[in-house]
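Same order as they appear, the protein sequences are chains U and Y. If you count the first sequence from 1, position 420 lands on 419 in numbering that gives the first Met the number 0, and the numbers rise without skipping. If you count the second sequence from 1, position 24 lands on 23 in numbering that gives the first Met the number 0, and the numbers rise without skipping.
There's no promise every hint is true.
Because identical chains share one entry, a pair is satisfied inside a single copy or across any pair of copies.
Under the rule of at most 35 Å between Cα atoms (straight-line distance), these lysine-lysine pairs were calculated in the DSBU-like manner [unchecked claim]:
id, residue 1, residue 2
1, Lys403, Lys537
2, Lys436, Lys413
3, Lys369, Lys430
4, Lys369, Lys313
5, Lys279, Lys369
6, Lys303, Lys275
7, Lys275, Lys357
8, Lys150, Lys475
9, Lys418, Lys254
10, Lys413, Lys369
11, Lys150, Lys313
12, Lys413, Lys303
13, Lys369, Lys418
14, Lys458, Lys413
15, Lys413, Lys537
16, Lys435, Lys418
17, Lys2, Lys303
18, Lys275, Lys150
19, Lys403, Lys369
20, Lys475, Lys413
21, Lys436, Lys2
22, Lys436, Lys462
By construction, these hints were calculated from the structure, which means they are not laboratory data.
Listed here are the chains, written in short residue letters.
2 protein chains.
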Amino acid sequence: MTKERLYLYDTTLRDGQQTQGVQFSVPEKIAIAKGLDALGIDYIEGGWPGANPTDSEFFEARPDTRATFTAFGMTKRAGRSAANDEVLAGVMNAGTPAVCLVGKTHDYHVTTALGITLDENLENITASVEHMVAQGREALFDAEHFFDGYKANAPYALEAVLAAYRAGARWVVLCDTNGGTLPAEVHEITRAVIDAGIPGDRIGIHCHDDTGMAVAASLAAVLAGARQIQGTLNGLGERCGNANLTSLIPTLLLKEPFRSQFEIGVGAEQLAGLTKLSRKLDDILNRVPLRSAPYVGASAFAHKAGLHASAILKDPSTYEHIDPALVGNSRLIPMSNQAGQSNLRARLSGMGIEVDPKDPALARILDTIKEREDQGYAYDGAQASFELVARRELGLMPNFFEVKRYRVTVERRKNRYDKMVNSSEAVVVVKIGGEKKLSVSESFDAQGCDRGPVNALSKALAKDLGPYQACIDDMKLVDFRVRITQGGTEAVTRVIIDSEDGSGQRWSTVGVSANIVDASFEALLEAVQWKLIRDGAKPV
Amino acid sequence: MTKERLYLYDTTLRDGQQTQGVQFSVPEKIAIAKGLDALGIDYIEGGWPGANPTDSEFFEARPDTRATFTAFGMTKRAGRSAANDEVLAGVMNAGTPAVCLVGKTHDYHVTTALGITLDENLENITASVEHMVAQGREALFDAEHFFDGYKANAPYALEAVLAAYRAGARWVVLCDTNGGTLPAEVHEITRAVIDAGIPGDRIGIHCHDDTGMAVAASLAAVLAGARQIQGTLNGLGERCGNANLTSLIPTLLLKEPFRSQFEIGVGAEQLAGLTKLSRKLDDILNRVPLRSAPYVGASAFAHKAGLHASAILKDPSTYEHIDPALVGNSRLIPMSNQAGQSNLRARLSGMGIEVDPKDPALARILDTIKEREDQGYAYDGAQASFELVARRELGLMPNFFEVKRYRVTVERRKNRYDKMVNSSEAVVVVKIGGEKKLSVSESFDAQGCDRGPVNALSKALAKDLGPYQACIDDMKLVDFRVRITQGGTEAVTRVIIDSEDGSGQRWSTVGVSANIVDASFEALLEAVQWKLIRDGAKPV
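Please take these sequences and the hints and turn them into a complete structure.
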């Protein structure tokens, strides 16, 4: 059976940029476009040339792509010809092979927001699409508010999209601009458009996640006959975001009926790079990746319940809907006081530590974990510290060095310009073999800003570890989370630190104390110890 | 037309606890249960009594609720009677009006994971449900892996759920345990169960979000005839989470066909508290609320695109699918407008500060708040600090005293018994009138335990404020929350401190800095300043 072709249209660089707090630079846009192209996306919408300096610059600097590069804009305004509309000219001048123009299809918006007649709007659509076609571009028409428009005035909404289709639009894209249309309705209205005369392979779907159903609504449109899906990586976009391509792509490739019925530009090899691409985007945006994201989240294949973990050991398909490797993700069996011994053995095995099922240390490890969790520790988010607890019970914890003492001072006072300034200074004293080493560090970053006591401690601890220095030189602290929690009867502070090394490896450690600085120091110390173990450092 | 009743079943306290990094304490479970009950949820699943100490304790301490309290467990094991299964006994002994037992319906899981015959499994289901009914409980049967089981062996999966139904289960809950079933399939298989003889008003649906479609799949089951939805607040849950009740509830109440067809336990008034409840759960978990969450996210009604924002000013329905006030959320437009100013005036009036509508300070206050929120401040949870910002712009901030400098030292070293111990010491220098006052404090509590640098600073600051001392002597720090957040381009620390005085009055202040100690000091200082204003202290 021949599969039908389904097209993916990415708007991360345009609609995705409407996300609160997101503002891409030109180099970032280039990096993302390259990533999308390597993934196998069919269309990359780069932005609105002419609307802002970044987008204009980006279109000049845009990379060569296999994907069809697309400029976004709006249909010509009333009272002038398409050729004489300077906003439209700005879009056309970007010289992309495809152009996507948004236009009104909801009668109320035509008369209220634009303040023109319904016929004028139809003329604007027709003239704009004809203009794109005459200029030799692949023409796309984004039918704004189409679903709400259809519900308000179906004949007019249909006339508007038919105008674009008859004028030669390769794709008429049905947009649920306000994001409130449910999947069943999207299905029904998409069918109505096909029944009105636009073939499904000329129809695209553009959904927003305002009810948490953008992915489902996009697939409902495909089941109704649409053959192009618009979305963004990681579901970026205005308000609640756009349809998430990072969720849609694996479903299209791996789940029935899509898997048998459709072919997309993404193959198995590119799919295996999806998790990495998703994380890379978060990295560019300096966002913490959403742990619970479908397919690509760090928790997407994490099995916390003890019963699940033991079944996973027998057969991963018992509690996994797909093999995580297909999307470049991996299985995680976190520790918590709900877990059992089989969970524990699996986790240890993943760390390269094989333990006999009868080893009494297993029970001791679980007891220690439970006891420490009662004190406020949390190990399911701190895998590296968990490994250190296990190693101590198993007698597999090397004694690399001993911290004899530390002291950290935070001061706030006026500087010589009579301005209040902070500074922090830490002294750490360690003993390595027989040798005592004193290190001192301040907490200033490259801009001279005080980053506080934990930063100073971290730098002092990592400043001179003698024979181990090569192992820790590429370590950096990438995230730091603090929570006040209950340890026994008193409130204590729990600190979780994420560290990263030059190879991109990440690990998390935990510290607990009534003293926030001391809790941080414990987590920092464990981060260093774990790295030394991973690098196979030999205790002196 | 009479509406059909649709029941909501919350499993935040059980399946939600399977979220990586989530570990509820008993007081937290109680607070969440009360919130769910106030929302109008029909069933609250509290956990698995007997499985861990927290759950057992919680069932003993559980609050009185209008909602039906439910204990979770599993069907009896083979080779013993229901009455003699001590795991099941632990669940029954919690004494809840309803009990939900999970059992196998997928043939492969029966023979592989349980290692028993298919018939033995059916007997276990029947005997367990009969046992619940005989004990006078409302019986629920969670049909684990039902959809995968149906696809593998439909007759057996149907036999298993029919066994539960015939044994008297009030609800047979179809669980998509692995989360991989798409909405259309959920619809079709739910219909098949109804066709097999279980009425829709005895069928529940339990979905997971592994393809990003748990909400859509739950609604697809309802459209097929199911009448109970299981889910969690904020979509907590193992892996990618459970069906998100926070998204489902507004859709059920506000969107067709659900709005006309069904009645749920949540009314318009409770719906207006949804955003607050969602944020409260994040607060308990010390999680940053997801800005893009449908309905309740801080960005859910944020309009960044210029075209959208100007249309919104003419008519909000142009770019909003619902009125944000219906779910207790609010519109966010990146500009200070008339609505913003009148809100501000109302808020100030509530603090006893009356401002003329024409006062230019109103715009300045909004600008300052916006600027400081960009730096990482958060004023929603820190009303007292908000009041201080407003007072500064209005020229209503008394100058009680000036902090000249402070210094805090944290040390860890061996004591004379060769034991590692911490200590913290703080010096604060203030100028009151013309007089300079130096105060020093340690951080030890009554048990001699070091409570850390913030404790030492707090004590030193409050030790001697001369003429103001009487006002602050009854102040104490009751909560302290720390979050790493984004301030401009760099990560900064936000500290929120809750203070309380002898009259039981509570207030919250916020501090932000790259230095956690300094952020804490700012919040401590504002707590003292606000108390002096409230007590009408006169600056010297």
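Comparing the hints with the structure gives:
With identical chains, the CA atoms of Lys403 and Lys537 are at most 35 Å apart within one copy only, with a shortest distance of 20 Å there and 50 Å across copies. Taking the shortest alpha-carbon separations for Lys436 and Lys413, both the intra-copy value of 33 Å and the inter-copy value of 16 Å come in at or below 35 Å. Taking the closest pair of Cα atoms, Lys369 and Lys430 come within 35 Å of each other only inside a single copy of the chain (31 Å); across copies the shortest separation is 49 Å, beyond that limit. In this homomeric assembly, Lys369 and Lys313 come within 35 Å of each other (Cα to Cα) only inside a single copy, at 23 Å, whereas the closest approach across copies is 54 Å.
With identical chains, the CA atoms of Lys279 and Lys369 are at most 35 Å apart both within one copy (23 Å) and between copies (27 Å). Taking the shortest alpha-carbon separations for Lys303 and Lys275, both the intra-copy value of 23 Å and the inter-copy value of 28 Å come in at or below 35 Å. In this assembly of identical chains, Lys275 and Lys357 lie within 35 Å of each other by CA distance solely inside one copy; the values are 32 Å within and 50 Å between copies. Taking CA atoms no more than 35 Å apart as the test, Lys150 paired with Lys475 passes in neither setting, with 55 Å inside one copy and 48 Å between copies.
Taking the closest pair of Cα atoms, Lys418 and Lys254 never come within 35 Å of each other, the shortest separation being 62 Å inside a single copy and 57 Å across copies. With identical chains, the CA atoms of Lys413 and Lys369 are at most 35 Å apart between copies only, with a shortest distance of 28 Å across copies and 47 Å within one. Taking identical chains as interchangeable, the C-alpha atoms of Lys150 and Lys313 lie at most 35 Å apart only when they sit on different chains, with a minimum of 21 Å there against 52 Å within one chain. For the homomeric pair Lys413 and Lys303, neither the shortest alpha-carbon distance inside one copy (51 Å) nor that between copies (39 Å) is at most 35 Å.
When the C-alpha separation of Lys369 and Lys418 is checked against a cutoff of 35 Å, the pair qualifies only between copies, where the shortest distance is 24 Å, while the shortest distance within a copy is 49 Å. For the identical chains of this complex, Lys458 and Lys413 are neighbours both inside a copy (25 Å) and across copies (22 Å), given an alpha-carbon limit of 35 Å. Taking identical chains as interchangeable, the C-alpha atoms of Lys413 and Lys537 lie at most 35 Å apart only when they sit on different chains, with a minimum of 27 Å there against 47 Å within one chain. In this homomeric assembly, Lys435 and Lys418 come within 35 Å of each other (Cα to Cα) only across copies, at 19 Å, whereas the closest approach inside a single copy is 39 Å.
For the identical chains of this complex, Lys2 and Lys303 are neighbours neither inside a copy (39 Å) nor across copies (40 Å), given an alpha-carbon limit of 35 Å. Proximity of Lys275 and Lys150 under a CA criterion of 35 Å is satisfied inter-copy only: 32 Å between copies versus 41 Å inside one chain copy. In this assembly of identical chains, Lys403 and Lys369 lie within 35 Å of each other by CA distance solely inside one copy; the values are 28 Å within and 46 Å between copies. Taking the closest pair of Cα atoms, Lys475 and Lys413 come within 35 Å of each other both inside a single copy (31 Å) and across two copies (28 Å).
When the C-alpha separation of Lys436 and Lys2 is checked against a cutoff of 35 Å, the pair qualifies neither within a copy, at 68 Å, nor between copies, at 76 Å. Only within a single protomer do Lys436 and Lys462 lie at most 35 Å apart by alpha-carbon distance; the minimum there is 10 Å, versus 38 Å between protomers.
Hints 8, 9, 12, 17 and 21 from the earlier list are contradicted by this structure; the remaining hints agree with it.
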